[in-house]
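Protein chains in written order, with this note's numbering: chain A, 1 to 427; chain B, 1001 to 1427.
No lab work stands behind these hints: they were computed from the structure.
Cβ atoms here follow ideal geometry from the backbone N, Cα and C, with glycine treated the same way.
Do not rely on the hints blindly, as some may be mistaken.
[To be verified] Simulated restraints, written as ranges between beta carbons of each label pair:
no. : chain 1 : residue 1 : chain 2 : residue 2 : range
1   : B       : Arg1187   : A       : Glu395    : 29 to 39 Å
2   : B       : Phe1040   : A       : Glu347    : 52 to 62 Å
3   : B       : Pro1095   : A       : Asn259    : 53 to 63 Å
[What the hints assert, rightly or not] Cβ-to-Cβ under 10 Å is the rule here; a few derived chain A residues that face chain B:
no. : residue
4   : Phe76
5   : Gly298
6   : Asp332
7   : Ile353
8   : Arg401
9   : Glu411
[Claimed, not checked] Which residues of chain B face chain A? A few of them, derived with a C-beta cut under 7 Å, are:
no. : residue
10  : Gly1078
11  : Ala1104
12  : Trp1235
13  : Leu1239
14  : Gly1298
15  : Gly1335
16  : Lys1338
17  : Glu1403
18  : Arg1404
19  : Tyr1407
Protein chains: 2
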Amino acid sequence: MEGKSFVLKGDVCYNVSQTEFRTLEAGYVVCVDGASAGVFEELPERYAQLPLRDFGHALIVPGLNDIHVHAPQYGFRGIAMDLELLDWLNTYTFPEESKYADLAYAEKGYSIFADDLQRSFTTRAVVFGTMHVPGTELLMDKLEATGLKTYVGKVNMDRNSPDYLSDQTAEASLEATRSWLADVSGRYQNTLPILTPRFTPTCSDELMEGLGKIKAETGLPVQSHLSENLSEIDWVKGLCPWSSCYGQTYDHFGLLGGNSKTIMAHCNYSTPEEVELLRATGTYVAHCPQSNAFLSSGIAPIRDYLCRGVNVGLGTDVAGGASLNMFRAVADAVGCSKLRWRCVDQELPSLTIQEAFWIATLGGGSFFGKVGSLDEGFDFDALVLDDSGIRSPRELSVEQRLERYCYLADEGGRLAAKFVAGKEIEL
Amino acid sequence: MEGKSFVLKGDVCYNVSQTEFRTLEAGYVVCVDGASAGVFEELPERYAQLPLRDFGHALIVPGLNDIHVHAPQYGFRGIAMDLELLDWLNTYTFPEESKYADLAYAEKGYSIFADDLQRSFTTRAVVFGTMHVPGTELLMDKLEATGLKTYVGKVNMDRNSPDYLSDQTAEASLEATRSWLADVSGRYQNTLPILTPRFTPTCSDELMEGLGKIKAETGLPVQSHLSENLSEIDWVKGLCPWSSCYGQTYDHFGLLGGNSKTIMAHCNYSTPEEVELLRATGTYVAHCPQSNAFLSSGIAPIRDYLCRGVNVGLGTDVAGGASLNMFRAVADAVGCSKLRWRCVDQELPSLTIQEAFWIATLGGGSFFGKVGSLDEGFDFDALVLDDSGIRSPRELSVEQRLERYCYLADEGGRLAAKFVAGKEIEL
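In isolation and in its complexed conformation, chain A is listed as follows (with noise of 0.2 Å):
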């Protein structure tokens, strides 16, 4: 599709509050200039000249927000899933993001993540790249190419880290970091920079502080890990003595809330105290609940932090989720909460289908701006699902057959087109 005004049509399904599915069939969507200019039962007179595809009954939903993947970790998704979160760090994850310091390797795996995330349901993203800057900018590069909307990170680190995978001191970590940030400056209209401490105990008081300086200076958006796992917390605890929650180690180097944005992966264990402070600085939880799962961290009261006005958005975080498909993640979202419902807490309902995808797409979507809607006013992020080779003897909703494409996307699915800001990406 050439040009970013233009008329899709098909069998609409999006999200009009947290709990509540809005669908038309053969109902028509308009972009005009990248932006959506609203979802009409029928075609308005004033849009009757845009090109139009009929794309028959296909589904069109809002893009997918991957809100917390590692990039580099691409190449081993799938495996090494035999470890919790420290071990495996040091295990395999430290060790294969060390490759990345070479360019010939690092542009091997990161053509076939900016392919695959290119193909895939997700529209817009939030990446971790390596500590390495030639490497992070070559990232960044390839995701440009792909015309998807995604903000990267270089990753600082500075202690607890292996020797092979860490920078030498606080002042060389953050030195690099506006080196890199000096290079990518203007450099991408779709790739953003976002600073990206990794976690506490990889960063020093030091490095935090550094960082917090430049979020104020520049404005730049942030992204880490909190309460992940139970013996990180642990250990934050020991290097921390003077912070009263997790939390409160970014907060008090000022990397939550204030002139921008941050998103904090897991917050799978926060205590109340800490959610309350997620919630005053609007920080985003990046909720991932295949990765919570496999490393055998647990599942995360998502249910709470919706009641409680948190932002949350949903992450695959490969490669401790094996997966880059959003709609599973959103199924697992759904899978997740009932076991927690079960197992852990009854008095926190499990989530809807509708909630789910709410988080996949407004959830994560207001991190990027008016992003996650097809209503009128929002970028135009949108996914033409062929769902005709899930088949069934019965005659299903719009609503249903949405649902149903959560759970089987990749049994009989096809993604039929994809579009970010009114761009159509090649699929």
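Place chain B on chain A using the hints.
Relative to chain A, chain B alone:
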């Protein structure tokens, strides 16, 4: 591949114990008259005359056995996931199953199920039909044509069932069963009948007693459900106050052990007495992790069952589970066991990928006979998996590639060939 004696060449991986894989790069797997003649690093001279198919670097692994799946529920897989078991049955499942009284609807639904099962990773399956005899015979016709080996059950239910889906009396249910058995006796090469009381809540003592007699007379195997959901278990206590555990409501009527094999699906909350009953009678637990998550049922303590020597196989339990993909079931068995370890009981270590793959192959395979391995003497059930579409910058071992396939079968994997008892299945 014509004929049932041939050689396959590829990267071979299969369990030599519950905890260990054997792998061969560019190995030879020999099939003679439908059974394995062994796996070899070099092709023995005596097999040099057999036709050889070289699959290059595709993986060759044993077929996967789905020992619990409901064919008439396939049409609503992936929808209607918002209720627990008993409400789910009454609201969604019973109304859908009642449609299979209509052979035209059954033709549509079972054609899709059989076709998708044929193309799936499943080589053998144990299948619930409905209470309807003509529909169940149609299902058996369809499954026979796939070339897969299956057991199929006409469901018995004579109480606590809606009028529109209930045998009128125990005797009517038994008479329908006898009539069905007479019809299908000797009719099929691959498709065998299995006695199928739905579960204790819908089967009167009189019906159970009659089915126990048919079992004793015929030596037919049995399948049912056991201790899936806490409300169900409470209900059974009320219905059968004479029983000391839910399992006894089957055993009392001779439905466990003795002259044939029995499968009990789920066993999420079996008491120590019940577990000992399952072990002593050689009953198979059909572990259905995805269904147990999506119906909010819980997580079965499979590690405990393995330690105690209870027979365990794996099931998709469509449509409690959404996916027919048995590799997905393997990955879910690992993931759910990790969540159980984390959230429920840290005395029971989680399952490894080797153990979960063992359950899907040899664990459930022994229900069918000498099935589930590529070793000499086993029925030649094999999958050839092209994983070249799951790209990585890394060199991976054969074992790592199989592990990865369990997590990512539908995300870049391709089933290149499938054999059941030496017969190639059309894909």
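Evaluated hints:
Our hint of 29 to 39 Å for Arg1187 of chain B and Glu395 of chain A holds, since their Cβ atoms are close to 33 Å apart. For Phe1040 of chain B and Glu347 of chain A, the hinted distance range of 52 to 62 Å is satisfied, since their beta carbons lie about 59 Å from each other. Separated by about 56 Å at the C-beta atoms, Pro1095 of chain B and Asn259 of chain A satisfy the suggested range of 53 to 63 Å. Against a cut-off of 10 Å between C-beta atoms, the interface hint on Phe76 of chain A holds, since the closest Cβ of chain B lies about 6 Å away.
For Gly298 of chain A, the interface hint holds, since its Cβ comes within 10 Å of a Cβ in chain B; the closest pair sits about 5 Å apart. The beta carbon of Asp332 of chain A is positioned within 10 Å of a beta carbon in chain B (closest approach about 9 Å), and the interface hint is therefore held. Because the closest C-beta pair between Ile353 of chain A and chain B is about 7 Å apart, less than 10 Å, the hint holds. For Arg401 of chain A, the suggested interface contact is upheld, since its CB lies about 8 Å from the closest CB of chain B, less than 10 Å.
The criterion of a C-beta within 10 Å of any C-beta in chain B is met by Glu411 of chain A, whose closest approach is roughly 6 Å, and the hint holds. For Gly1078 of chain B, the interface hint holds, the least distance from its beta-carbon to any beta-carbon of chain A being 4 Å, beneath 7 Å. Checking Ala1104 of chain B against chain A: minimum C-beta separation of about 9 Å lies over 7 Å; hint violated. Of the supplied interface hints, the one on Trp1235 of chain B is violated, with its beta-carbon coming no nearer than about 17 Å to a beta-carbon of chain A, more than 7 Å.
Interface hint at Leu1239 of chain B: violated, since its Cβ lies 23 Å from the closest Cβ of chain A, which is beyond the 7 Å cut-off. Because the beta carbon of Gly1298 of chain B sits about 5 Å from the nearest beta carbon in chain A, less than 7 Å, this interface hint is met. Proximity of Gly1335 of chain B to chain A holds as hinted, the smallest CB-CB distance being about 4 Å (cut-off 7 Å). Restraint check, Lys1338 of chain B versus chain A: the minimum CB separation of about 4 Å is within 7 Å; hint holds.
Taken as an interface hint, Glu1403 of chain B checks out: its beta carbon lies about 5 Å from the nearest beta carbon of chain A, inside 7 Å. A hinted interface residue such as Arg1404 of chain B counts as satisfied when its beta carbon comes closer than 7 Å to some beta carbon of chain A; here the least separation is about 4 Å, so the hint holds. Checking Tyr1407 of chain B against chain A: minimum C-beta separation of about 4 Å stays under 7 Å; hint holds.
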